[in-house]
Amino acid sequence: MRLAFFSIFTTKSPTNGALRKLDRNSLKQLNSLAESSPGFVWHMGEDCESVAATDLFGCTDVLVTLVVWRSERALREFMSHSLCQKVFSRSTVFLDGADPEHYVVWRLDNDTLPTLHEAKARLDYLRRFGSSDYAFNCNGYSEYQLSSQQDLLA
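Quick note on UniProt numbering: the sequence shown kicks off at 1 and runs consecutively.
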């Protein structure tokens with residue numbers, strides 16, 4: 001079992017070029033950190049994320065990232081990395097935090113890759129019903145953690 005991680009942010013100022021560039025640079029930093037992290041499996045390319053997010057959400061002021069991790073441990077290490085913490089804490093300056101649920105995590109079979117449509121459905125579910133085995137966030141890890149011994153040792 002792998003984990004899919006999807007995050008979405010709506011920019012505060014889609015028309016401000018400087019802020020938009022800062023938004024994109026932060027996303028690139030996160031993607032670069034993910035790619036170099038142990039346990040990283042895959043992420044949707046930035047060009048695909050941008051075009052697909054615009055199509056899916058109907059606006060150009062959203063930034064999304066969709067990443068697959070080999071294990072819960074790998075995702076936790078990524079989320080606790082200082083650069084990741086810095087980008088997420090700085091994000092409140094330039095990203096619209098209207099919805100506190102801006103990311104979702106779910107289990108994924110080893111031979112599949114998630115789609116943005118699936119990610120949006122999982123995030124919508126989390127926002128509507130809260131953490132469950134179907135969709136959860138880091139707060140939901142303790143209750144819905146993976147049970148595979150092999151994964152915990154990865």
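Quick caveat, the hints were computed from the structure, so don't treat them as lab data. Computed from a prediction, not measured in an experiment: that's the story for all the values here. C-beta atoms are modelled at their ideal positions from N, C-alpha and C, and glycine is treated no differently. Be a bit skeptical, because a hint or two may be false.
[To be verified] Pairwise CB distance ranges (calculated): (1) T112 <-> S132: 13 to 23 Å; (2) S132 <-> R24: 27 to 37 Å; (3) Y134 <-> L56: 18 to 28 Å; (4) D133 <-> D111: 32 to 42 Å; (5) P38 <-> C138: 27 to 37 Å; (6) G58 <-> N110: 25 to 35 Å; (7) R76 <-> S32: 30 to 40 Å; (8) D111 <-> R24: 29 to 39 Å; (9) P38 <-> T112: 30 to 40 Å; (10) G58 <-> S80: 26 to 36 Å; (11) F129 <-> R24: 29 to 39 Å; (12) R128 <-> S36: 27 to 37 Å.
Hints, one by one, checked against the model:
Taken as a hint, the range 13 to 23 Å holds for the pair T112 and S132, whose Cβ atoms sit roughly 20 Å apart. Separation of S132 from R24 is about 32 Å and conforms to the stated range, judged on CB atoms against 27 to 37 Å. Restraint check, Y134 to L56: a C-beta distance of roughly 19 Å satisfies the suggested window 18 to 28 Å. One distance hint, 32 to 42 Å for the beta-carbon pair D133 and D111, is violated here, with the actual separation near 20 Å.
The beta-carbon spacing between P38 and C138, approximately 18 Å, falls outside the hinted interval of 27 to 37 Å. Under the hint 25 to 35 Å, the C-beta atoms of G58 and N110, about 33 Å apart, fit the expected range. Our hint of 30 to 40 Å for R76 and S32 is violated, since their Cβ atoms are close to 19 Å apart. Checked against the hint of 29 to 39 Å, the C-beta distance between D111 and R24 comes to roughly 32 Å, which is consistent with it.
Between P38 and T112 the CB atoms are about 21 Å apart, so this pair departs from the stated range of 30 to 40 Å. At about 34 Å, the beta-carbon gap between G58 and S80 stays in the expected band of 26 to 36 Å. Taking 29 to 39 Å as the suggested C-beta distance range, the pair F129 and R24 conforms, at roughly 32 Å. The hinted window of 27 to 37 Å between R128 and S36 holds, with their beta carbons roughly 35 Å apart.
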